[in-house]
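Quick note on numbering that gives the first Met the number 0: the sequence shown kicks off at 0 and runs consecutively.
These are calculated hints, taken from the structure and not from any lab test. Here the structure is a predicted model, which is why all the values come from computation and not from measurement. Hints should not be assumed to be uniformly reliable.
Claimed, not checked - Label pairs and their computed distance ranges (CB to CB):
id, residue 1, residue 2, range
1, T107, V199, 32 to 38 angstroms
2, F64, S33, 35 to 41 angstroms
3, P116, A54, 36 to 42 angstroms
4, V138, L114, 38 to 44 angstroms
5, V62, V146, 15 to 21 angstroms
6, A145, V62, 19 to 25 angstroms
Every residue, glycine too, gets a C-beta built ideally from N, C-alpha and C.
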Amino acid sequence: MNRITQSLSFAKRYLLPIQHHSLLKQFAQRDILSRYRGSFFGIGWALLTPLLMLAVYVFAFRVVFNARWPGAEDSTLEFALQVYAGLVVYGMFAETSNRAPRLMIEHTNLIKKVLFPLEIISWSVVLTGLFHTFLSLVVLLITNWAVNHTFSLSIIALPLVLGPMVPLSIGLVWLISALGTYIRDINQVVNLIVSLMVFVSPVFFPLSALPEQWQPLLALNPLAPIIEQTRQVVLEGAWPDWGTIGIMWLTALVVAIAGAYIFHLLRRGFADVL
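Start from the sequences, fold in the hints, and give me the full structure.
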């Protein structure tokens with residue numbers, strides 16, 4: 000009975016930070032506002048940045064290399080939509096993962112406050128990532144409607160498709176931030192991995208375009224099914240594969256629990272190494 004109580008307490012503390020919701024809200028708001036404070040476009044950069052990235056990638060792959068999206072019309076706009084759908088998912092992974100290695104180091108003053116709930120710091124990073132992902136998603140939906148003049152009913156399944164990004168991201172942030180507190184080289188390693196992930200994820204191509212022997216290998220990438228199912232729901236107007244959705248959620252929850260457990264074990268020494 001005691002073990003069950005401890006497990007429920009652990010889950011509530013890390014996976015459902017409801018008791019600190021007001022503090023979490025303050026952290027996330029401060030994080031978002033401080034990022035754009037003083038800039039000319041302000042929070043408009045949250046929309047401009049993914050659009051500028053899209054323009055660069057489309058120019059490189061579509062104009063320079065004359066790439067074509069398999070099974071789609073030979074249209075630059077169609078190619079842009081397919082790529083942008085992938086960037087929406089990859090963008091959240093990149094933002095949260097890149098910030099994770101130095102997250103605890105940047106909040107040393109809070110770590111040395113014994114009663115401060117450190118798990119809130121990681122959750123605020125994920126909420127900020129969700130905010131930017133939401134804006135990018137709005138751009139995707141509006142652009143898709145402008146190009147194809149249609150909204151499919153399958154869009155209502157989008158929260159189920161993108162939802163696994165939350166436990167996946169928070170698990171990775173906990174894991175990376177905990178390790179980064181002890182091993183400072185983690186920052187360079189994570190930045191390299193994040194840069195490579197855009198090319199080993201189906202952002203610029205569908206998995207079906209790969210040779211059959213390589214498809215199962217890249218399908219192990221947790222971003223791959225989320226990107227593929229997002230395209231299927233938003234751009235193809237088809238319902239997601241429910242079996243794939245179940246696997247996505249299970250994988251993401253395992254990552255979240257593992258990340259929370261490692262963070263919980265390592266947090267005891269944070270104050271000593273900082």
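| field | Beta-carbon spacing of V62 to V146 - inside the hinted bounds 15 to 21 angstroms or not | value | 18 angstroms, holds
| field | Whether the CB-CB distance between P116 and A54 falls inside 36 to 42 angstroms | value | At 41 angstroms between Cβs, range holds.
| request: Evaluate the given range 32 to 38 angstroms for the C-beta pair formed by T107 and V199. | output: 34 angstroms, holds
| query | Cβ-Cβ distance between F64 and S33: within 35 to 41 angstroms? | reply | Because 38 angstroms falls inside the window, the suggested range holds.
| query | Does 19 to 25 angstroms hold as the CB distance between A145 and V62, or does it fail? | reply | At roughly 21 angstroms between Cβ atoms, V62 and A145 fall inside 19 to 25 angstroms, so the hint holds.
| Holds or violated: 38 to 44 angstroms for the Cβ distance of V138 and L114? | Holds, since V138 and L114 (Cβ atoms, about 41 angstroms apart) stay within the stated range.
Hint check: no violations occur; every hint is consistent with the structure.
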